[in-house]
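So the chains spell out like this:
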Amino acid sequence: MEKRRTVNEEQLREFLREMLLIRRFEEKVEERFRAGELPGFLHVAIGQEGVAVGVCQAMEDGDIFASTHRAHGHTLARGSHPNNVMAELYGKIEGISHGYGGSMHLYDVERGNYGANAVIGGGLPAVVGAGLAFKMRDEPRVAVAFFGDGATNIGTFHESLNLAQLWKTKTIFVCENNHWAESTPGWQHSPVWDDMSKRALAYDMKSIKVNGQDVTAVYEAARQALEHARSGEGPVFLDVETKRFHGHYIGDPQVYRTKEDREDAAHHDPLDVARKGLGISDEDYDALDNEALEMVEAAVEFAKNGTDPQPEDALKNIYA
Amino acid sequence: MEKRRTVNEEQLREFLREMLLIRRFEEKVEERFRAGELPGFLHVAIGQEGVAVGVCQAMEDGDIFASTHRAHGHTLARGSHPNNVMAELYGKIEGISHGYGGSMHLYDVERGNYGANAVIGGGLPAVVGAGLAFKMRDEPRVAVAFFGDGATNIGTFHESLNLAQLWKTKTIFVCENNHWAESTPGWQHSPVWDDMSKRALAYDMKSIKVNGQDVTAVYEAARQALEHARSGEGPVFLDVETKRFHGHYIGDPQVYRTKEDREDAAHHDPLDVARKGLGISDEDYDALDNEALEMVEAAVEFAKNGTDPQPEDALKNIYA
Amino acid sequence: MPEITYREAVRDALAAAMRADENVFIMGEDIAEMGGSMGVTQGLLDEFGSERVRNTPISEMAIVGAGIGAAMAGMRPVVEIMYEDFLTLSLEQIVNQAAKHRYMSGGQLKVPLTIRTQGGAGWSPGAQHAQQLEAWLVHVPGLKVAFPSTPEDVRGMLWSAIYDDNPVIFFEHRLLYPVKGEVPEKIEPIPLGKARTLREGTDVTVIATGPMVHRSLEAATRAEGDGISVEVIDPRTLQPLDEAALVASVKKTNRVVVAHEAVERMGFGAEVAAVLQYKAFDWLDAPIERVGAKFAPLAFAPVMEQFVVPGPDQVYDAILRTLGK
Amino acid sequence: MPEITYREAVRDALAAAMRADENVFIMGEDIAEMGGSMGVTQGLLDEFGSERVRNTPISEMAIVGAGIGAAMAGMRPVVEIMYEDFLTLSLEQIVNQAAKHRYMSGGQLKVPLTIRTQGGAGWSPGAQHAQQLEAWLVHVPGLKVAFPSTPEDVRGMLWSAIYDDNPVIFFEHRLLYPVKGEVPEKIEPIPLGKARTLREGTDVTVIATGPMVHRSLEAATRAEGDGISVEVIDPRTLQPLDEAALVASVKKTNRVVVAHEAVERMGFGAEVAAVLQYKAFDWLDAPIERVGAKFAPLAFAPVMEQFVVPGPDQVYDAILRTLGK
Ligand SMILES: Cc1ncc(C[n+]2csc(CCOP(=O)(O)OP(=O)(O)O)c2C)c(N)n1
Ligand SMILES: Cc1ncc(C[n+]2csc(CCOP(=O)(O)OP(=O)(O)O)c2C)c(N)n1
Ligand SMILES: [Mg+2]
Ligand SMILES: [Mg+2]
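Protein chains in written order, with the working numbering: chain A, 1 to 320; chain B, 1001 to 1320; chain C, 2001 to 2325; chain D, 3001 to 3325.
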């Protein structure tokens, strides 16, 4: 059946295009932040694009998701326009959260983005609740939660997976295990840091382990997980091994991290994997890359020319 | 070595004596509550005496523990005098918490009772912290947490076990799985209700499963667990299968529970198991029983003749 | 008008709301077969089934959060937190999530969630089963906070809370459940944000919430015997607060007592006093008196508990003090 | 006297306390190698090692609770909660456990635990990284609450908090870390519960906490230009509160402004206003003015953020209002 098809060349090309867009977008964000143009503090997911694209491409219309403080990739991969995402980082009305949210609170409800959350684990229970609603109304929709390895230590994570499995909600849990929680390495924050799938055992929950640097593998695994949840068989824990290339936040000197660890990470670039898998020519690749760069430049232009909210707007949208 | 010795007759007799004392104590508490003499609301652990006695007898001087809303058994089994425990239920100064705590907040620090907790899971983190202190100071002491199957659903449980294993604190977690959380049966509140040991898999924590109706088995398992923790090898999850004979609280009509389930529970009485194991004569048994009854009667007398606090005492003990 | 208990009134509102809209469902610990630890939801499982009357695990954080997610996905969940003391386990979801999703999304989302909870002293529950924490929620923009004191109010306000498109933290009180009162034949929604005057008076205004409303009415009757005319007002909704009604009464009586069962220090009465001294400064003939629990956790022994928890006497004495008696 | 930053002052107190007593240890997220997300604990890992400077998992509930247990077992733990917003995850342990163990045990236990946390707006952190929640803790008997505003105070008070035998919730402010100030050569403990007058004046008393202390001093200087003499007092400890010092000042100036960065509604200023209108009723020549954040979550866009968060202007305007100007 249609869903089961494995990734064809055209799709993989699309995945690469998406990943390139996200990569260039975040590199630009780093640049603009350093230039002092972006308020607040930001987190990029450079190196983790395969997870965002693999999972989001596997989702279907009507599916919803909740992201984290590291949300640009998920948001772009699900189809929000770079212009509006960038505009949010500049605090403009044209931003996808109209300037109320910022980098850690990207929302795009039309595209199923129920919000990026800056509280670790904070978005998980709502994803269980949305998955419950889909199940109660017998809708073929799935709610997806993105979170990191560090988030598996918080009680909210436990209660959410426990409840989802107990009630068989239409939910999948995507754990992006980059082996870091800010400056804290996996071995320092979790007894099962090197095999997060073990977390699922406490709930008898189905889990799937996958290499996050291989976007095709992520896509296939996500498909499987989403189908499982969609069919009402219950939630799935997607244990994605990935790499954080840069610091925790933009500007993080990473004093806590060895050069080896950073270099090792860089050797597992999802862009390279996809590029090889596709066997695409350099010209072809550069064309995609330039396309991405142009979109990102345009996004910055769009954002800079955006409209600042009025001070009094701060008192709107508090109550429905 | 001394610790490894299996239970001899004398010990088993002592266990039976303790269990009988607890059983009669709680039956008396039910009676006095129904007679309207006891304020507040109370929970008895009738049917679960084997867990309290087996674990508490295995503990050593210097070990500490935290209990729950169902605390009479643990408290008595650890050596607090029935007079003072009963006096607390009557809200007297002679009570082990001097009238400030009540049935759900029994404390006896001298005997390592760091407090019964009325918030599910609320006592677990402190037990991890105490176990951490013992480890940091390199003391041969262990901190023990008692809790029920329902408590395994709360985030506090997850964070506590995760942290204990990560830091290898001198802690053991005693899960009394009576398959009920108030009116909610195990299958309705936890996906792994029939094999709580699975909870430990999420932390790579050592777990031991044992039949809570067999006090000797509980004692042996607790010994093993305590030694493991005491030696610094890490915490242990003690998965104890047991039965709640009566209602969740005294007076609970148990509309939610079938007659069969109640009867089945009654067929697994730890008193019978110990009595058979000991092969004790009826006279002998009745003697122990009368001894227990007399202590309990005396405790009620003591409590009734206790001293009421002064109203103004309510403003004491708020700050050290 | 029929007379029903506060408990029945809550149940009425829940059942009626569930009949009227299938998107309304309830979840909480032991609310199904047992009908809730306070017996409030008895019978609802039979009428609505286990899909819409959901027993939950002991997971205060997740059940509130699941309510948020279901609400954002179009449902109107009503979550029960068995005791206010356990709200402390779900505040992250209430304060950082429910209260802020609409705002952080720039108005894209709404969270039509009702969280029912209850607490209260007076029955020796001990220090962890009796706290009154409504003041905390009043400090949080994005939330509405209700605390009705009569069967009629609790029924009409719960209906409004369930159909409100914002998260509403709905406080009930343990000792009020058996209290009886007349209610209209059929449910009449009572808008959130409107205070209610339960007794008109000219000498002193007593602004009371929850159980203190009834204790204040007692005190008022007693004061009447001394020839003191006391007006008793129940804000009913603490957020948004009907300041106009309170100010109007104070401008009439020129004397105020604010009473709640929560600890006086940093309790809701502090906000009321701060508002009134500001908006009715020139009308006040005496300092605003606050009546609340003494500054202590709740002790188990009844004698100590009674000493800490405010009753009619404390209100009566405060009334006299405002009159310099 | 040497001049150091607020950040260095906190670090000084921690290091000194750890040198003085091996039972003192610190734990929190990213406090070891990284030295804390605010850089406060930089260098402590090197001096004290990973046993006493413990990086924790993201488990706000368990690390506070572990602190409670270690404290009851004889240690003096200092737990760092990275942002106040995350206190919402540990309130069960703080409020039901730390604050009540001593009481519920009838005095058998003590909990010498210090919980450091920080927050604050002004740098576009968004709605979940800037809340000021100190008022909640002031409502809880059994806790002490500190909120120092200068390097000298934060150093001397943190020392006192660590050696206090009760749980102390110690609030720091994100924008104060780089602020410099003179401190005594060696640490001089500053007792909890004593207010500090930073500026003497005769016309109006401004009672301010945290960053608003500095913003109020700015406003006071500006008012001086208009010939208005402003007294600025920092309670420093919110629980226990130095009511005597505040009342004395008000009886001198007869006019009061209370300023904090937290949301005004149900904020700490409400309690101060309620206390002062009660204890200094006959001395007040004008309504007590409250200055706090407007009633909204914190928006990301700087223009909106600035509109919500109070600055020197809001204090200055309030000062004028108390004088009917
Ligand atoms: C409850 C909570 N505690 C602490 C923080 C501060 N914090 C932000 S990101 C982060 C690390 C998260 O690690 P992980 O979940 O692995 O996600 P990653 O950053 O690796 O993507 C921490 C501790 C927070 N945002 N929320
Ligand atoms: C956080 C919290 N939620 C709810 C309650 C109410 N409550 C008291 S006991 C109980 C059931 C506990 O079940 P379990 O942990 O299995 O212990 P048992 O009663 O079976 O001994 C509940 C829900 C509570 N005390 N604390
Ligand atoms: Mg990570
Ligand atoms: Mg149980």
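Don't read these hints as lab results, they were simulated from the structure. A hint or two may mislead.
To be verified - Covered by chain C, per the in silico footprint, the following chain B stretches (three or more residues, Cβ under 8 angstroms):
id, segment
1, 1011–1020
2, 1096–1102
3, 1114–1122
4, 1161–1173
5, 1299–1305
What the hints assert, rightly or not - Here are the simulated BS3-like cross-link-like pairs (lysine-lysine), alpha carbons at most 25 angstroms apart as the crow flies:
id, chain 1, residue 1, chain 2, residue 2
6, A, K316, C, K2252
7, C, K2294, A, K316
8, B, K1206, A, K209
9, A, K209, B, K1198
10, B, K1316, A, K168
11, D, K3294, C, K2279
12, C, K2279, D, K3194
13, C, K2180, C, K2194
14, C, K2194, D, K3194
15, D, K3110, C, K2251
16, D, K3325, C, K2279
17, A, K28, A, K209
18, D, K3194, C, K2110
19, D, K3194, A, K316
20, B, K1316, B, K1276
21, B, K1206, A, K198
22, D, K3294, D, K3194
23, C, K2294, C, K2252
24, B, K1198, A, K168
25, A, K304, A, K316
26, B, K1316, C, K2294
27, A, K198, B, K1316
28, A, K304, A, K276
29, D, K3325, C, K2294
30, C, K2252, D, K3194
31, C, K2325, D, K3325
32, A, K259, B, K1276
33, C, K2294, D, K3294
34, D, K3110, D, K3194
35, A, K206, B, K1168
36, B, K1206, A, K206
37, B, K1316, A, K206
38, C, K2294, D, K3279
39, B, K1316, D, K3294
Keep in mind it's a predicted model, so treat the numbers as computed, not measured. Every residue gets a Cβ at the ideal spot worked out from N, C-alpha and C, and that includes glycine.
Hint check:
| no. | hint | verdict |
| --- | --- | --- |
| 1 | 1011–1020 | violated (count 0) |
| 2 | 1096–1102 | holds (count 5) |
| 3 | 1114–1122 | holds (count 6) |
| 4 | 1161–1173 | violated (count 0) |
| 5 | 1299–1305 | violated (count 0) |
| 6 | A:K316 x C:K2252 | violated, 35 angstroms |
| 7 | C:K2294 x A:K316 | violated, 39 angstroms |
| 8 | B:K1206 x A:K209 | holds, 24 angstroms |
| 9 | A:K209 x B:K1198 | holds, 19 angstroms |
| 10 | B:K1316 x A:K168 | violated, 50 angstroms |
| 11 | D:K3294 x C:K2279 | holds, 18 angstroms |
| 12 | C:K2279 x D:K3194 | violated, 31 angstroms |
| 13 | C:K2180 x C:K2194 | holds, 22 angstroms |
| 14 | C:K2194 x D:K3194 | violated, 41 angstroms |
| 15 | D:K3110 x C:K2251 | violated, 48 angstroms |
| 16 | D:K3325 x C:K2279 | holds, 17 angstroms |
| 17 | A:K28 x A:K209 | violated, 32 angstroms |
| 18 | D:K3194 x C:K2110 | violated, 45 angstroms |
| 19 | D:K3194 x A:K316 | violated, 40 angstroms |
| 20 | B:K1316 x B:K1276 | violated, 50 angstroms |
| 21 | B:K1206 x A:K198 | holds, 14 angstroms |
| 22 | D:K3294 x D:K3194 | violated, 29 angstroms |
| 23 | C:K2294 x C:K2252 | violated, 30 angstroms |
| 24 | B:K1198 x A:K168 | holds, 18 angstroms |
| 25 | A:K304 x A:K316 | holds, 23 angstroms |
| 26 | B:K1316 x C:K2294 | holds, 12 angstroms |
| 27 | A:K198 x B:K1316 | violated, 48 angstroms |
| 28 | A:K304 x A:K276 | violated, 36 angstroms |
| 29 | D:K3325 x C:K2294 | violated, 39 angstroms |
| 30 | C:K2252 x D:K3194 | violated, 39 angstroms |
| 31 | C:K2325 x D:K3325 | violated, 37 angstroms |
| 32 | A:K259 x B:K1276 | violated, 67 angstroms |
| 33 | C:K2294 x D:K3294 | violated, 30 angstroms |
| 34 | D:K3110 x D:K3194 | holds, 23 angstroms |
| 35 | A:K206 x B:K1168 | violated, 28 angstroms |
| 36 | B:K1206 x A:K206 | holds, 22 angstroms |
| 37 | B:K1316 x A:K206 | violated, 53 angstroms |
| 38 | C:K2294 x D:K3279 | holds, 18 angstroms |
| 39 | B:K1316 x D:K3294 | violated, 39 angstroms |
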